[in-house]
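Protein chains in written order, with the working numbering: chain A, 1033 to 1630; chain B, 1033 to 1630.
Source of the hints: derived by calculation from the structure; they are not laboratory data. As the structure is a prediction and not an experimental result, all values here were calculated from the model. Treat the hints with care, as some may be off.
As the list claims (entries may be wrong) - Distance condition first, Cα-Cα at most 30 Å in a straight line; then the derived DSS-like pairs of lysine-lysine:
#1 B:Lys1058 / B:Lys1503
#2 A:Lys1214 / B:Lys1367
#3 B:Lys1457 / A:Lys1114
What follows is the residue order along each chain.
2 protein chains.
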Amino acid sequence: MPAYTPPLRDMQFVMHEVLEVTEEYKALPAHAEVDAETINAVLEEGGKFAAEVTFPLNMSGDEEGCTLDQGTHAVKTPKGFKEAYAKYVEGGWAALSCDPRYGGQGLPFVVNQCFYEMLNSANQAWTMYPGLSHGAYEALSAHGTEEQKKTYLPKLVSGEWTGTMCLTEPHCGTDLGLLRTKAEPQPDGSYRLTGNKIFISAGEHDMAENIIHLVLARLPDAPKGSKGISLFVVPKFNVNADGSLGSRNGIYCAGLEHKMGIRANATAQIVLENASGTLVGEANKGLAAMFVMMNAARLGVGNQSLGLTEVAFQNALAYAKDRIQMRSLSGVKAKDKEADPIIVHPDVRKMLMTAKAYAEGGRALAIYCTLLLDKEHHHPDEKVRKEAGELVALLTPIVKAFLTDNGHIATNACMQVFGGHGFIKEWGMEQFVRDNRINMIYEGTNTVQSLDLLGRKVLGNNGATLKKFGKLVARLVEEEGVSEKMSEFITPIAVLGEQLTKFTTELGFRGFQNPDEVGAAAVDYLRVAGHFVFGYMFALQARVALREIAAGNTDPFYQAKLQTARFYFAKLFPETATLMRTARAGAAPLMNTDAALA
Amino acid sequence: MPAYTPPLRDMQFVMHEVLEVTEEYKALPAHAEVDAETINAVLEEGGKFAAEVTFPLNMSGDEEGCTLDQGTHAVKTPKGFKEAYAKYVEGGWAALSCDPRYGGQGLPFVVNQCFYEMLNSANQAWTMYPGLSHGAYEALSAHGTEEQKKTYLPKLVSGEWTGTMCLTEPHCGTDLGLLRTKAEPQPDGSYRLTGNKIFISAGEHDMAENIIHLVLARLPDAPKGSKGISLFVVPKFNVNADGSLGSRNGIYCAGLEHKMGIRANATAQIVLENASGTLVGEANKGLAAMFVMMNAARLGVGNQSLGLTEVAFQNALAYAKDRIQMRSLSGVKAKDKEADPIIVHPDVRKMLMTAKAYAEGGRALAIYCTLLLDKEHHHPDEKVRKEAGELVALLTPIVKAFLTDNGHIATNACMQVFGGHGFIKEWGMEQFVRDNRINMIYEGTNTVQSLDLLGRKVLGNNGATLKKFGKLVARLVEEEGVSEKMSEFITPIAVLGEQLTKFTTELGFRGFQNPDEVGAAAVDYLRVAGHFVFGYMFALQARVALREIAAGNTDPFYQAKLQTARFYFAKLFPETATLMRTARAGAAPLMNTDAALA
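Build out the structure end to end from the sequences listed, making use of the hints.
This is the structure we're talking about:
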């Protein structure tokens, strides 16, 4: 059975020493009073919840899965899931970063980010039940009428009700323009929806008394394609005027998918039969409204892989210290034992450090992005809000795709550390690999993320936002370029920054001549950009560590940060050399393949 | 449900057009008469067996798994497995490349290699039941007494009995020197064995009437460590003098592992309680005898991933042509449809071509190695036999590790082509990923393979064998370097060959000073060597294709070969740039991590 210890110190390091979030919050009226002690105390409790309540249900939930009663359309979640959710509601965890107007605690998003990292480490499948509610909360907060907000938000904030996002249909996932679910207007201003949705995470379950579905559908007179899609809120149980639950609505679970991973989450086929709903936001502007949910969800998916990377690392590290096998090539290390612990072997260390570096780079980036979200929502200066919003939009596809691909690499590496035991279910490592695998696919495949980054976020505004991020890096390079001790962390990002600028311009020209050049380069480009951002994050962390060490701090924690940064720049960051080469090889070797792919 | 079409034409291309195996066989008395028609006819029938008999059991076998009756120690394999095995025996498939003295058909190993590629595509878990028998057959052929050969080989050749390799124990996998199973000599010259083995593939089942276990154990007076290990043959049922089955031997299945993949194969915990066995080969020389089995098994594991790569590719290609989603960035392609088939998107093509290139490079290398095995076993000239043996020893860890890592990349890419549907069991793609995952681990983890390659096979003889392979490449470079059309396939391998030579010398020096430098570089080194070998294979294939096209052959098959080779050199081969950089970064960033891995 795997173990899990919340990485509180690592989170505190990023929040308080690297990014100094509470200093930043002083400029935000909503969070001006929040202090480090409060944040740390909340996360300590949150970590206990994750480690003690949901983590023990991770393997059993995977083993048991969810079951559907075809007669009643009821879904039973695995043993203990319902009780854990009751504790979550009771503890007020759903309300952490929600608006106090609806009963929220009004804490910064950063706190929720760290809490959810721990929940994801503990049990990704369980965490998706409350996690999906956030998307519904965000969409209704941003686009709902006062009536809708009053009806749904307090119950979503308390956690008494959960939410879903109903986008995908059997014939369309990425291409939502093809969707067919219909919404017929009713005389009372409501709508009746009919259609089929698939892959609806947490789509039906027994953990909450109501489920609030956010559903994309077409009005009768809607234009074709993605400009004819509207967003509706469709509750499982209709809500009476006094807020009590009314009749069962025509939205049912018709089937559950059998999946490679996240088996404890109910991935539902949802049938809408004349289901009653109300319009959210403007007619035919549903996709834009849905993007409010999707962007939050994309950051959330990156956070899922961050959580899995961390828990996989912790367990692989423990195993590598415990398992003895062969002697170190450079001489016996554990003389009192029959063999040395496998952590003496260089490649075992490489696998462990890969996971550790991807966890720490990912954590820094995820918290950085969430701090930007806090600014975007709460900074009094509109210009700061706008800039923060642009930066987070740029970084969102990187968080989604880079962290989930890294999670794939890291969970597989950690499983590999266990040798044959990694393949056996009882050790728990293979579940991390299976659970992580969906993160590279849902909420927009990682290919879609890369097109969003290169096509829309970078080339779409002639690299303006990327340049803004580049300026932050350039400032650090300027500040620290003269420091001899920082040069090993600064030089690589300075060099890559210049290469990336040229490379982006080059891709812009090529893409102008042939759009397939953008599609051919995008996945490689995203990983280059990911390393650029991670490089910046590691340089920021190294700066703090060097400062502490120079000041005489002997806590080995800071040496560890330097070692991880050095490993990262020596062994992971150089991937950019190949990525730029393969991206530059262009579209021709991909597109001139008609005979090969006949 | 996935589909599978045996890639007969691709196999024929490698065998007859690229490697001209029957020309080579003319020099081998045992195979001088074998012609292409015979080989092709056997493989056509073999392909039918795979596609029609075992492939339909692949998903159901995964779903059902094996069950153990704790009372009788009997293992029930999934529905249909037993019947399929009966057909295999009936068809004489077990005897394909076995020695006619024991009832074998005496066909070249190359035929068996191609047959097993198809079996692995069809059903890796099923194929392991007969597949493991080959190891037992090889070990007994090479090291058994006449008595042992007479007792066991005819039944292994007919397939009436199957075999296993019992190496691993709970506390030792890689480090067999630690093993504890004991063998007590008996007055009649036999031995009584007692101990616990784990991870024994096909260790117990209901498909054959007897199971012949090859077991590593220690004699009472054996030296410590790996020099005190002996090999024994321990049948499930003792064999009477007349060849009939006698009493049940004290070797039982005590448990089955619950695994991520190959769930239809019985991975058994085997208990030996005073089990009767006989010594195979010399006392305390068991590990050397076992290596006969292990080397064959390692090539076999590479072949498993080759099979999975091929079947994953075929299904992803079919899906990418069928599934419509979004429009091509460079303009509408399927005007009559609501959207374009996803094969128009550059990154979808990249995922498909990655799998195709890894399948075709892997197939060429695997057949090349098996041709070397045929020469090693049957060439009349000892010098040729020796050289062939050395080359295959060099290439074995590459086949095992490079093909299985590539299989991981390829099966994951093919699953990704399916988007969310790839994660759902009914499409069958995620099973290919799960089944492939063990191939990177068993028969020596891929890290162990890399140490075998760099430490033993390359640096162990000062690069002599590598130089021999390098000479083959140099000959091709010399022959084709002047051809303008070949230069795109020749230049990369010529350049990499020079880099690899320097790089190897450099690692030799470093390793001499600090052996951890070898351990730190080995995994990267193996992938560089893998690309060097694949590059050579693709150049050989491109040469044939160019020759045919120049001769006016308009079969698009040859254009396809050129397109795949171009893709390979443009998009996969450049990985070597990063690998050499990270390997050169050396051991320090891995070993100076005590604080980080505290």
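Hints versus structure:
Between Lys1058 (chain B) and Lys1503 (chain B), the direct Cα distance comes to roughly 24 Å. Compliance with the 30 Å bound is thereby established for this hinted pair. Between Lys1214 (chain A) and Lys1367 (chain B) the CA atoms are separated by roughly 25 Å; this keeps the pair inside 30 Å, and the hint holds. At most 30 Å may separate the alpha-carbon atoms for a hinted pair to count; Lys1457 (chain B) and Lys1114 (chain A) meet this at roughly 26 Å.
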